[in-house]
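There are 4 protein chains.
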Amino acid sequence: MSKTAKLLLHCPDRPGILAEVTDFITVNKGNIVYLDQYVDHVENIFFMRIEWELAQFLVPQEKIHDYFATLYAQKYQMDFRLYFSDVKPRMAIFVSKMSHCLYDLLARYTAGEWQVEIPLIISNHPDLQHVAERFDIPFHLFPITKENKAEQEQRELELLAEQGVNFIVLARYMQVVSDQLIEAYPNRIINIHHSFLPAFVGAKPYHAAFQRGVKIIGATSHYVTNELDAGPIIEQDVVRITHKDTVEDLVNKGKDLEKIVLSRAVQKHIDRKILAYKNKTVIFS
Amino acid sequence: MSKTAKLLLHCPDRPGILAEVTDFITVNKGNIVYLDQYVDHVENIFFMRIEWELAQFLVPQEKIHDYFATLYAQKYQMDFRLYFSDVKPRMAIFVSKMSHCLYDLLARYTAGEWQVEIPLIISNHPDLQHVAERFDIPFHLFPITKENKAEQEQRELELLAEQGVNFIVLARYMQVVSDQLIEAYPNRIINIHHSFLPAFVGAKPYHAAFQRGVKIIGATSHYVTNELDAGPIIEQDVVRITHKDTVEDLVNKGKDLEKIVLSRAVQKHIDRKILAYKNKTVIFS
Amino acid sequence: MSKTAKLLLHCPDRPGILAEVTDFITVNKGNIVYLDQYVDHVENIFFMRIEWELAQFLVPQEKIHDYFATLYAQKYQMDFRLYFSDVKPRMAIFVSKMSHCLYDLLARYTAGEWQVEIPLIISNHPDLQHVAERFDIPFHLFPITKENKAEQEQRELELLAEQGVNFIVLARYMQVVSDQLIEAYPNRIINIHHSFLPAFVGAKPYHAAFQRGVKIIGATSHYVTNELDAGPIIEQDVVRITHKDTVEDLVNKGKDLEKIVLSRAVQKHIDRKILAYKNKTVIFS
Amino acid sequence: MSKTAKLLLHCPDRPGILAEVTDFITVNKGNIVYLDQYVDHVENIFFMRIEWELAQFLVPQEKIHDYFATLYAQKYQMDFRLYFSDVKPRMAIFVSKMSHCLYDLLARYTAGEWQVEIPLIISNHPDLQHVAERFDIPFHLFPITKENKAEQEQRELELLAEQGVNFIVLARYMQVVSDQLIEAYPNRIINIHHSFLPAFVGAKPYHAAFQRGVKIIGATSHYVTNELDAGPIIEQDVVRITHKDTVEDLVNKGKDLEKIVLSRAVQKHIDRKILAYKNKTVIFS
Numbered sequence: 297m298s299k300t301a302k303l304l305l306h307c308p309d310r311p312g313i314l315a316e317v318t319d320f321i322t323v324n325k326g327n328i329v330y331l332d333q334y335v336d337h338v339e340n341i342f343f344m345r346i347e348w349e350l351a352q353f354l355v356p357q358e359k360i361h362d363y364f365a366t367l368y369a370q371k372y373q374m375d376f377r378l379y380f381s382d383v384k385p386r387m388a389i390f391v392s393k394m395s396h397c398l399y400d401l402l403a404r405y406t407a408g409e410w411q412v413e414i415p416l417i418i419s420n421h422p423d424l425q426h427v428a429e430r431f432d433i434p435f436h437l438f439p440i441t442k443e444n445k446a447e448q449e450q451r452e453l454e455l456l457a458e459q460g461v462n463f464i465v466l467a468r469y470m471q472v473v474s475d476q477l478i479e480a481y482p483n484r485i486i487n488i489h490h491s492f493l494p495a496f497v498g499a500k501p502y503h504a505a506f507q508r509g510v511k512i513i514g515a516t517s518h519y520v521t522n523e524l525d526a527g528p529i530i531e532q533d534v535v536r537i538t539h540k541d542t543v544e545d546l547v548n549k550g551k552d553l554e555k556i557v558l559s560r561a562v563q564k565h566i567d568r569k570i571l572a573y574k575n576k577t578v579i580f581s
Numbered sequence: 297m298s299k300t301a302k303l304l305l306h307c308p309d310r311p312g313i314l315a316e317v318t319d320f321i322t323v324n325k326g327n328i329v330y331l332d333q334y335v336d337h338v339e340n341i342f343f344m345r346i347e348w349e350l351a352q353f354l355v356p357q358e359k360i361h362d363y364f365a366t367l368y369a370q371k372y373q374m375d376f377r378l379y380f381s382d383v384k385p386r387m388a389i390f391v392s393k394m395s396h397c398l399y400d401l402l403a404r405y406t407a408g409e410w411q412v413e414i415p416l417i418i419s420n421h422p423d424l425q426h427v428a429e430r431f432d433i434p435f436h437l438f439p440i441t442k443e444n445k446a447e448q449e450q451r452e453l454e455l456l457a458e459q460g461v462n463f464i465v466l467a468r469y470m471q472v473v474s475d476q477l478i479e480a481y482p483n484r485i486i487n488i489h490h491s492f493l494p495a496f497v498g499a500k501p502y503h504a505a506f507q508r509g510v511k512i513i514g515a516t517s518h519y520v521t522n523e524l525d526a527g528p529i530i531e532q533d534v535v536r537i538t539h540k541d542t543v544e545d546l547v548n549k550g551k552d553l554e555k556i557v558l559s560r561a562v563q564k565h566i567d568r569k570i571l572a573y574k575n576k577t578v579i580f581s
Numbered sequence: 297m298s299k300t301a302k303l304l305l306h307c308p309d310r311p312g313i314l315a316e317v318t319d320f321i322t323v324n325k326g327n328i329v330y331l332d333q334y335v336d337h338v339e340n341i342f343f344m345r346i347e348w349e350l351a352q353f354l355v356p357q358e359k360i361h362d363y364f365a366t367l368y369a370q371k372y373q374m375d376f377r378l379y380f381s382d383v384k385p386r387m388a389i390f391v392s393k394m395s396h397c398l399y400d401l402l403a404r405y406t407a408g409e410w411q412v413e414i415p416l417i418i419s420n421h422p423d424l425q426h427v428a429e430r431f432d433i434p435f436h437l438f439p440i441t442k443e444n445k446a447e448q449e450q451r452e453l454e455l456l457a458e459q460g461v462n463f464i465v466l467a468r469y470m471q472v473v474s475d476q477l478i479e480a481y482p483n484r485i486i487n488i489h490h491s492f493l494p495a496f497v498g499a500k501p502y503h504a505a506f507q508r509g510v511k512i513i514g515a516t517s518h519y520v521t522n523e524l525d526a527g528p529i530i531e532q533d534v535v536r537i538t539h540k541d542t543v544e545d546l547v548n549k550g551k552d553l554e555k556i557v558l559s560r561a562v563q564k565h566i567d568r569k570i571l572a573y574k575n576k577t578v579i580f581s
Numbered sequence: 297m298s299k300t301a302k303l304l305l306h307c308p309d310r311p312g313i314l315a316e317v318t319d320f321i322t323v324n325k326g327n328i329v330y331l332d333q334y335v336d337h338v339e340n341i342f343f344m345r346i347e348w349e350l351a352q353f354l355v356p357q358e359k360i361h362d363y364f365a366t367l368y369a370q371k372y373q374m375d376f377r378l379y380f381s382d383v384k385p386r387m388a389i390f391v392s393k394m395s396h397c398l399y400d401l402l403a404r405y406t407a408g409e410w411q412v413e414i415p416l417i418i419s420n421h422p423d424l425q426h427v428a429e430r431f432d433i434p435f436h437l438f439p440i441t442k443e444n445k446a447e448q449e450q451r452e453l454e455l456l457a458e459q460g461v462n463f464i465v466l467a468r469y470m471q472v473v474s475d476q477l478i479e480a481y482p483n484r485i486i487n488i489h490h491s492f493l494p495a496f497v498g499a500k501p502y503h504a505a506f507q508r509g510v511k512i513i514g515a516t517s518h519y520v521t522n523e524l525d526a527g528p529i530i531e532q533d534v535v536r537i538t539h540k541d542t543v544e545d546l547v548n549k550g551k552d553l554e555k556i557v558l559s560r561a562v563q564k565h566i567d568r569k570i571l572a573y574k575n576k577t578v579i580f581s
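Residue numbers (my numbering), protein chains in the order written: chain A, 297 to 581; chain B, 297 to 581; chain D, 297 to 581; chain H, 297 to 581.
The hints are simulated quantities; they were obtained by calculation from the structure and are not laboratory data. Yeah, the Cβ is synthetic: ideal placement off N, Cα and C, and Gly gets one too. Be aware that one or more of the hints could be misleading.
[To be verified] Some chain H residues flagged as far from chain A (calculated, every beta-carbon gap over 12 Å):
1) 402
2) 403
3) 559
[To be verified] In silico DSSO-like links for lysine-lysine, alpha-carbon gap of 27 Å or less:
4) H:569 to B:540
5) D:574 to D:371
6) A:564 to A:302
7) A:540 to B:325
8) H:574 to B:540
9) D:574 to B:302
10) B:540 to A:549
Make the full structure from the sequences, and use the hints.
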């Protein structure tokens, strides 16, 4: 497939938006290869994702953003983002001690499944350095204590900026990230929580699930916001358990859920299929 | 919600179709309340479902079909269907001896969940007459033998025509329907097959699943075509089983699948969300 | 199958219990047709369900309880229940205005799927009287207000006692039942809650799920205890949703979950497959 | 947990087997930590898995097999296997070009999740040598042509014997293994087939699923027998697809299924939870 532009937008719903946007692309000889739209009739918001080939497109790539902003975004009060298929986003992975999500991410990366760069792994523990080395990814250790947390996160932020990181994946990173990091990466930090949110927010959800005697456990990937485990949900999945399962069994069954649910979220993020709005996500098909 | 028109179409994909169709509705003051489209890039076919309110629409309801055919369908070689929200389709149910699907359909109908009329139930056995009576639906018995099959189906066809039936639901009807019936209702006979097609085509699929030792069983709703259990699939679902399940357990677990999978298919058909193309279905969201 | 006895028990785990119980049955010429046991190694509790044919059994049916209590229950500090396959439990259904669970229960009952008697339906609203009449089940209306609640429940209790009711199914009964009813039927009132507990306890869970932006919704059947929606969970199931689903869509998708999850719980209860212990359930296979 | 013995057996069902086996262990001061049994009432076969701690067991470990064979196996015509928790099985992995299953197996192995040794990886292509090297596992290349197949498999068999391999995992190994290999490892070669068997046996199942227009795809792990894709099924799982999914989308969605379903099967095999009987499996809890 040739190079494409991907446009995600939302704005107050009004008649004619869809026709006008598709017309803009068609008239300028862009070949539309993807279109998905959705109207939230409660909030009266129009959401859209459209992708078109740039080979014959009459507007030069570097001017598309400006043209679109001037011609349509103002008129319709649009909030929009424009991406190009030849620009790979740069992703940092944060881990602590558990390796299953990290291996799953790196296996996909190494196999070339994702259009992404992973310039670094950050951890608050040294345990997974050997995994980073197996996959030849630089590993940066930032031990965190109550006292040094603000300072260490500041150093992490500098490193992330240096490395041109666009988004962060918390692959079972067992630290609450603070507001300065969240504000630097709004809706660009993806976490995996090992429960079916909003059930079992916070620490030790498998223990809580065991205590409650649920018959199904889950995992939830979401964007990180200032409120713990309460950000926009991207993806969830579940697995059935029985009274025979111990807490350890839940942990083991949960691992498979966690890594798959996290990787699905990362894939959608990389593919520019997610539009976060208020505290929810629109996931384009 | 006020009265709406629902338009389903497919045609060879070309630039501008979407813009032109949405423009036709918008310009004529139709308020679009639903739009879903999809391009099959393998076959190069454009599929679309669009729904708009008729309250302010400038084209009179009775002329919309004609206008659309003249202005767009010819130009783009479209195959299209137009429905109006105030016209309820008329549905016949065919049953034999098992009641679970029939009860599920009638419970939804009686509760007013579906925009449909059910003028009659047809059966080749008298066993479920009492169910029809509980719900005050006329019950017609057509016993089938090898000798009388063609003749009985002819009488059924006459009855269906008299009653203005638009589509047929085979709710565990244990007879293969013949070509004359299928041709009278192309992609308008919905069957439920008690297996995860294409596994276990034909008779006694639960016995076959038991013999094979599968760990999951399924049910499949599909449009009936001339080839047994091979028509376009509308909906499928599955349930996990274990080595402890007997054939009878499979039958019982399967019943819940069958009725839910069949009812989902019927609902989508009534809502005009299905577009059958070649041997597949496009299911609009 | 000939008449069987079903024995459910739990007691502190000690070596030899299983051997001794199976020996008791075998030696007395009972043919064991089912055995499932489980040891909770955290609480150190032994759970067992065993079923045997009585045809050749040397201990007379009416003396089995006494013998077993004397010979084993004392020795092992067992809590046990004994049921016979020819005694059908009597079940009352409580409903309010929504019919989907009620239809599902009655369809199974009428089709003869369950070894149960349903002598009456109780409601706080007249809306579903017509359903009871379709299935020829006596319908008793007990309108509830804040003022009359205690008195009406007292009358319900008398009616339930008169009718020899063994357990109660709350089929979307939109009233919190009070302690006197719960104490009269401990672990014998089955409720269906329209969320994936413990998420979204209390009223309007579909609205809450919509607000939170979850990607999966669920339903939970559980025994009713004094704490709202916190009793031992019997069965749960889930269905995937998307950002396109409105609250009404959640309600509709949820209905199918609710009725299936409730009916599975009722079936397990009727089959004597559930052993509630503390705030959890052991569900035998 | 201290050292345990695991006994799996099946035999014609007769009264008293369970009592006698548990009695043998209890009387000899073995502490039973697991027991699961099942009677196939169609075939009249008794299946059992029992595990007990050896710390206080009166029969010396090396004599258990002999004692049990003499005292019970003959009497009841039992087929049984005895394993000890301190003996790790040795597993060979066969791969071709796709890495997702291999990474998943090795990530679990390296994280210490499994009680297994992986002394070698065998491949008919050099593509995944780098993965083996990342995880420090010897990689053996055996290119296969029609002409050299028998000879290469003979060399593989010798290598497997040399390395004391107990069972083989075909992790998307794109070669049909021949009878000599199957006979050397009866019910000890685990394959992952990328369809919901028995649907889409053979090559290119995702293409076939796409052509058929199914709404759900699956993956199946099974023991390899002489008949292609027809051996005893160990585990299956499925994922929902839509008309929008291309063959490539099916391949990608399927990869996650394949690796999880394969790893679940391997885990059950390592844990001695599978008893293959005729063409089915009993999977103990």
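Original post:
Which of the listed hints are broken here?
Top reply: 1, 2, 3, 7 and 9
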